[in-house]
Amino acid sequence: MENKHITIFHGPQHPGITGNMSVELNLIGETIQKATTHVGYLHRGFEKLIERRTVIQAFTIVCRICVPEPDPNEVNFAMAVEELAGLKVTPRAQYIRVMVLELSRLAAQFLWMAGQSGSIGLYAVGQWAIADRDLILDLFEELTGARVYHMYIYPGGVRRNLPEGFLERVSKLLEYMQKRLKNYDDIFINNASFKNRAIGVGVISKEEAIANGYVGQILRGCGIKADVRKDAPYLVYNELEFEVPTQSSGDVYARALVRRDEMDQSIHILEQVVTKMPEGEVMIKMPTHRKFKLPKDDTWVKVESTRGEFAYYMAGDGSEKIRRMQVRGPSLVHAYTLLEDLLVGAELSDVALIMNSLGICPPEIER
Amino acid sequence: MFKKIKSHFATDDVEVKRQDLYKVGVRYDRLFELIHMLRDEYDYKILNAITCTDWIEEGHFALTYMLTTLDRKHTFMIQTMITREDAHAKTLSEEFKQAQIMERDLHEMYGIDFIGNENLKELSLENWVHTPPLRREFDTLEFVNNHLTFREGRDDNVDTKAESKRLRALKKAEKEAAKKAKEKAETKEIKDGE
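From first to last, the protein sequence lines stand for chains U and W.
Taking our numbering, the leading residue of the first sequence gets 127, the next gets one more, and so forth.
Taking our numbering, the leading residue of the second sequence gets 23, the next gets one more, and so forth.
Because the hints were derived from the structure by calculation, they are not lab data.
Warning: the hint list may mix true and false statements.
Claimed, not checked - Within a straight-line C-alpha distance of at most 30 angstroms, the following computed DSSO-like cross-link-like pairs (lysine-lysine) qualify:
id	chain 1	residue 1	chain 2	residue 2
1	W	Lys39	U	Lys356
2	W	Lys112	U	Lys332
3	U	Lys160	W	Lys143
4	U	Lys351	W	Lys39
5	W	Lys95	U	Lys351
6	W	Lys39	U	Lys214
7	W	Lys95	U	Lys356
8	U	Lys174	W	Lys112
9	W	Lys197	U	Lys174
10	U	Lys422	W	Lys28
11	W	Lys112	U	Lys422
12	W	Lys67	U	Lys160
13	W	Lys112	U	Lys160
14	W	Lys67	U	Lys422
15	U	Lys214	W	Lys95
16	W	Lys39	U	Lys422
17	W	Lys25	U	Lys422
18	W	Lys197	U	Lys356
19	U	Lys411	W	Lys39
20	W	Lys39	U	Lys417
21	U	Lys422	W	Lys26
22	W	Lys95	U	Lys402
23	U	Lys332	W	Lys67
24	U	Lys356	W	Lys119
25	U	Lys174	W	Lys119
26	W	Lys183	W	Lys197
27	U	Lys422	W	Lys95
28	W	Lys143	U	Lys130
29	W	Lys95	U	Lys332
30	U	Lys447	W	Lys39
31	U	Lys160	W	Lys119
Claimed, not checked - A few chain W residues that don't get close to chain U, going by computed Cβ distances all over 10 angstroms:
id	residue
32	Phe24
33	Lys28
34	Arg40
35	Leu53
36	Met59
37	Thr73
38	Gly81
39	Asp93
40	Gly138
Cβ atoms here follow ideal geometry from the backbone N, Cα and C, with glycine treated the same way.
Produce the entire structure from the sequences given, and follow the hints as far as they go.
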């Protein structure tokens, strides 16, 4: 029987899609001939909303730009405002910010593990990972009052000091995580069912990754040691020791190994933060929010999120409102320039696997 | 590098913003020459982003290109001004593949025509025929009032003061009715007892 072209939509509502977006797939049999990304299902106009609000009012919505990992948005926003306004944050606040960022990185990696394993039908891993992520969210709830959208890394510092005994509870959780992660190696990373599906799938070459400006695990999975925390250190990352894990094969499995190693590195960073946490204030004196004006100037700040370099462009115009703020997450380029190419020639059953390994987050595409 | 940029591109608008961040302002007709020079001579081979700021009072858009070195240690913000009326610029997608989607995004949000970009189709807005939404003259509230209607019974459409007054009155009436029913029942009990 002759194979005919068929077109199907993968998403926007699909368990194998990472958020509300869809990929239009043109298939012959089960092999993809052409892939076209479509977004627009959750455009909320953040960048427009921000232009009409005062600085502090705008702060309340930035964390909503990415659900799995809101904290890089908060810290980018805070760093951009502080740089434009010439504010300097206390050392304790900087250490607390690093702690929140690394805890949030761990939580996001667990969420990735749930998605990545679910994409090949290993649902037990997902249930474990969500339960373990909850332990981190418990700490967030205690520290910030919220589990997901913390609104904690405020321009000028952090919103409140650490509760009594909090660092001990972090240490206890880290001890648990170190033991627990070995179980994930057995059930997921070293599992033959995952290896068979992931090795040699979704391969990205080193040259292509560099030329097209890909970031995060995509670069590190091709053997390039790229990490904003090392390349252009922010907060107090230059005072902390950690490695940038890399792999060389550039496939889904390489990216998974990189992410798994990064979890160990996050734990290592958190251990140092707990021991080195300085005493002092966590918030500097800020101007009244209605009188808080940003000068006519612009800046570009970036952090390393779980999915790679995450940057903000911010411009002030001398008024209380932000003139322009652009969110530049890794997903815009990954979902279009990369995904549309990578899916050509892949099998239909591998779409979810590949998408999850890229960690695409649609809200940061259509801000 | 700064000296060469200043003399070659006749600009004093070069600034060190941070240890890892520099900014240069350049005339639009020299923009691509500068980008090529930074890419070929100084290793700024990665395009991170293209962004636009609307300076409506001054009648222009500020287009900013972020280029990073291969070792990712330095970023250059290259800014140029283009007029708001009939806004257009040459595409950068021949030099950097990722520029294609960045320009498509800016085309949708600001209406800038990137000449040579093969795909400037709608991205996240569907069948949009109004002013591009990130232009300063686009007023969100006015757009909502003119083009959208609130659904009947939606909380957004409720006059909260009148509604809470109504709810309070309702609660009070219920309480009184319960009180009356109780009194009636008690009177009945007494009568039955007698």
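Here's how the hints hold up against the structure:
Using a Cα cut-off of 30 angstroms, the hinted pair Lys39/W and Lys356/U holds, with the two alpha carbons roughly 19 angstroms apart. Distance restraint check for Lys112/W and Lys332/U: the Cα-Cα separation of roughly 28 angstroms lies within the 30 angstroms cut-off, and the hinted pair is therefore satisfied. Between the alpha carbons of Lys160/U and Lys143/W the distance comes to roughly 17 angstroms, so the proposed pair stays at or under 30 angstroms and holds. Using a Cα cut-off of 30 angstroms, the hinted pair Lys351/U and Lys39/W holds, with the two alpha carbons roughly 25 angstroms apart.
Restraint check for Lys95/W and Lys351/U: satisfied, since their Cα atoms lie roughly 12 angstroms apart, inside the 30 angstroms limit. Restraint check for Lys39/W and Lys214/U: satisfied, since their Cα atoms lie roughly 15 angstroms apart, inside the 30 angstroms limit. At most 30 angstroms may separate the alpha-carbon atoms for a hinted pair to count; Lys95/W and Lys356/U meet this at roughly 9 angstroms. The straight-line distance between the Cα atoms of Lys174/U and Lys112/W is roughly 25 angstroms, inside the 30 angstroms bound, and the hint therefore holds.
Distance hint between Lys197/W and Lys174/U is unfulfilled; the C-alpha atoms sit about 48 angstroms from each other, more than 30 angstroms. Taken as a hint, the Lys422/U and Lys28/W pair is honoured in the structure, with Cα atoms around 23 angstroms apart against an allowance of 30 angstroms. Proximity of Lys112/W to Lys422/U is assessed by CA-CA distance (about 27 angstroms); at most 30 angstroms being required, the pair is judged to hold. Distance hint between Lys67/W and Lys160/U is fulfilled; the C-alpha atoms sit about 29 angstroms from each other, no more than 30 angstroms.
Our distance criterion of 30 angstroms between C-alpha atoms is met by Lys112/W and Lys160/U, whose separation comes to about 28 angstroms. Between Lys67/W and Lys422/U the alpha-carbon distance is near 29 angstroms, which keeps this suggested pair within the 30 angstroms criterion. A threshold of 30 angstroms between alpha carbons decides the hint, and for Lys214/U with Lys95/W the separation of about 22 angstroms falls inside it, so the pair holds. Pair hint Lys39/W plus Lys422/U holds up; C-alpha atoms about 14 angstroms apart against a cutoff of 30 angstroms.
About 25 angstroms separates the Cα atoms of Lys25/W and Lys422/U, which keeps this hinted pair within 30 angstroms; it holds. Pair hint Lys197/W plus Lys356/U does not hold up; C-alpha atoms about 67 angstroms apart against a cutoff of 30 angstroms. For the hint pairing Lys411/U with Lys39/W, the CA-to-CA distance comes to about 24 angstroms; that is within 30 angstroms, so the pair holds. For a cut-off of 30 angstroms, the pair hint linking Lys39/W to Lys417/U stands: about 25 angstroms separates their Cα positions.
Between Lys422/U and Lys26/W the alpha-carbon distance is near 27 angstroms, which keeps this suggested pair within the 30 angstroms criterion. For the hint linking Lys95/W to Lys402/U, the alpha-carbon distance of about 26 angstroms falls within 30 angstroms, and the restraint holds. Taking the CA atoms of Lys332/U and Lys67/W, the gap is near 14 angstroms; set against the 30 angstroms cutoff, the hint holds. A distance of roughly 26 angstroms separates the Cα atoms of Lys356/U and Lys119/W; the hinted pair therefore holds under the 30 angstroms criterion.
Under the criterion of a C-alpha separation no larger than 30 angstroms, the hint pairing Lys174/U with Lys119/W is consistent with the structure, at around 27 angstroms. For the hint linking Lys183/W to Lys197/W, the alpha-carbon distance of about 21 angstroms falls within 30 angstroms, and the restraint holds. For the proposed pair Lys422/U and Lys95/W, the alpha carbon gap of about 26 angstroms is at most 30 angstroms, so the pair holds. Using a Cα cut-off of 30 angstroms, the hinted pair Lys143/W and Lys130/U holds, with the two alpha carbons roughly 27 angstroms apart.
The hinted pair formed by Lys95/W and Lys332/U meets the criterion: a straight-line CA distance of about 19 angstroms does not exceed 30 angstroms. As the CA atoms of Lys447/U and Lys39/W are separated by approximately 22 angstroms, the hinted pair is consistent with the 30 angstroms bound. Restraint check for Lys160/U and Lys119/W: the C-alpha separation of about 18 angstroms stays at or below 30 angstroms, so the hint holds. The non-interface label for Phe24/W is consistent with chain U: the shortest C-beta to C-beta separation is roughly 18 angstroms, beyond 10 angstroms.
Interface exclusion of Lys28/W from chain U stands, the closest Cβ pair being 20 angstroms apart, more than 10 angstroms. With a minimum CB-CB distance of about 8 angstroms to chain U, Arg40/W fails to clear the 10 angstroms threshold, and the non-interface call is violated. The Cβ of Leu53/W lies farther than 10 angstroms from every Cβ of chain U, with a closest approach of about 17 angstroms, so its non-interface assignment holds. No beta-carbon of chain U is positioned within 10 angstroms of the beta-carbon of Met59/W; the least distance is around 19 angstroms.
For Thr73/W, the condition that its CB be more than 10 angstroms from all CB atoms of chain U is violated, with the nearest at approximately 4 angstroms. Distance check on Gly81/W: its Cβ is at least 15 angstroms (rounded) from any Cβ of chain U, clearing the 10 angstroms threshold; non-interface status holds. Under the 10 angstroms C-beta cut-off, the non-interface status given to Asp93/W relative to chain U is violated; the minimum distance is some 7 angstroms. The claim that Gly138/W is not at the interface with chain U holds, since no C-beta of that chain comes within 10 angstroms of its own (minimum 17 angstroms).
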